[in-house]
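Undergrad: Here our numbering is used: the first residue of the sequence shown is 1, the next is one more, and so on.
Keep in mind the hints are simulated off the structure, nothing from the lab.
Even glycine gets a Cβ: it sits at the ideal position worked out from N, Cα and C.
Treat the hints loosely; a few may be bogus.
Computed cross-link-like contacts, SDA-like style, restricted to lysine to any residue with a CA-CA straight-line distance of at most 20 Å [stated by the list, open to error]:
#, residue 1, residue 2
1, K2, R56
2, K21, D45
3, K2, A12
4, K21, Q48
5, K21, I46
6, K21, L5
7, K21, D43
Label pairs and their in silico Cβ distance ranges [claimed, not checked]:
#, residue 1, residue 2, range
8, Q48, H22, 14 to 24 Å
9, R33, L5, 32 to 42 Å
10, A12, Y36, 16 to 26 Å
11, P58, L5, 16 to 26 Å
12, G16, R56, 12 to 22 Å
13, N32, P58, 38 to 48 Å
14, E31, I7, 28 to 38 Å
15, G16, Y36, 16 to 26 Å
16, K2, A41, 29 to 39 Å
17, E31, L59, 31 to 41 Å
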Amino acid sequence: NKEALQISRFLAAINGLMGDKHDDMVADDMENRQSYDAPLALDSDIRQRLELLISRFPL
Numbered sequence: 001n002k003e004a005l006q007i008s009r010f011l012a013a014i015n016g017l018m019g020d021k022h023d024d025m026v027a028d029d030m031e032n033r034q035s036y037d038a039p040l041a042l043d044s045d046i047r048q049r050l051e052l053l054i055s056r057f058p059l
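Work the whole structure out from these sequences, hints included.
TA: Quick look at the structure:
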């Protein structure tokens with residue numbers, strides 16, 4: 001199913017971006033640059049993708 005494949009790839013992209021951000025947060029914490037627990041704004045790319053997901057599939 002083409003739509004299912006597109007959704008799967010879209011979600012995989014979000015997951016990859018969030019994983020990369022997590023890696024950066026862990027590295028920053030280990031290098032004492034910023035606490036892992038410090039609040040951060042979402043990267044704009046992640047935010048835009050999540051907003052698109054919610055607009056397409058509202059709760």
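Undergrad: With reference to the structure, classify each hint as holding or not holding.
TA: Going down the list of hints, with the structure as the test:
1. K2 - R56: With a Cα-Cα distance of about 16 Å, the restraint between K2 and R56 holds, given a limit of 20 Å.
2. K21 - D45: 11 Å, holds
3. K2 - A12: Cα-Cα ~15 Å, so holds.
4. K21 - Q48: Roughly 15 Å between the alpha carbons, so the hint for K21 and Q48 holds.
5. K21 - I46: 10 Å, holds
6. K21 - L5: Violated. K21 to L5 sits at ~24 Å, over the 20 Å cutoff.
7. K21 - D43: Given pair K21, D43 holds - Cα atoms ~8 Å apart, limit 20 Å.
8. Q48 - H22: 14 to 24 Å: 18 Å, holds
9. R33 - L5: 32 to 42 Å: 39 Å, holds
10. A12 - Y36: 16 to 26 Å: Check passed, 24 Å falls within 16 to 26 Å.
11. P58 - L5: 16 to 26 Å: Hint holds: Cβ distance 22 Å, inside 16 to 26 Å.
12. G16 - R56: 12 to 22 Å: 19 Å, holds
13. N32 - P58: 38 to 48 Å: 41 Å, holds
14. E31 - I7: 28 to 38 Å: 36 Å, holds
15. G16 - Y36: 16 to 26 Å: 20 Å Cβ-Cβ, so the 16 to 26 Å window holds.
16. K2 - A41: 29 to 39 Å: Distance hint for K2, A41 holds at roughly 34 Å.
17. E31 - L59: 31 to 41 Å: This hint holds: roughly 38 Å between Cβ atoms.
Consistency with the previously given hints fails for number 6 only.
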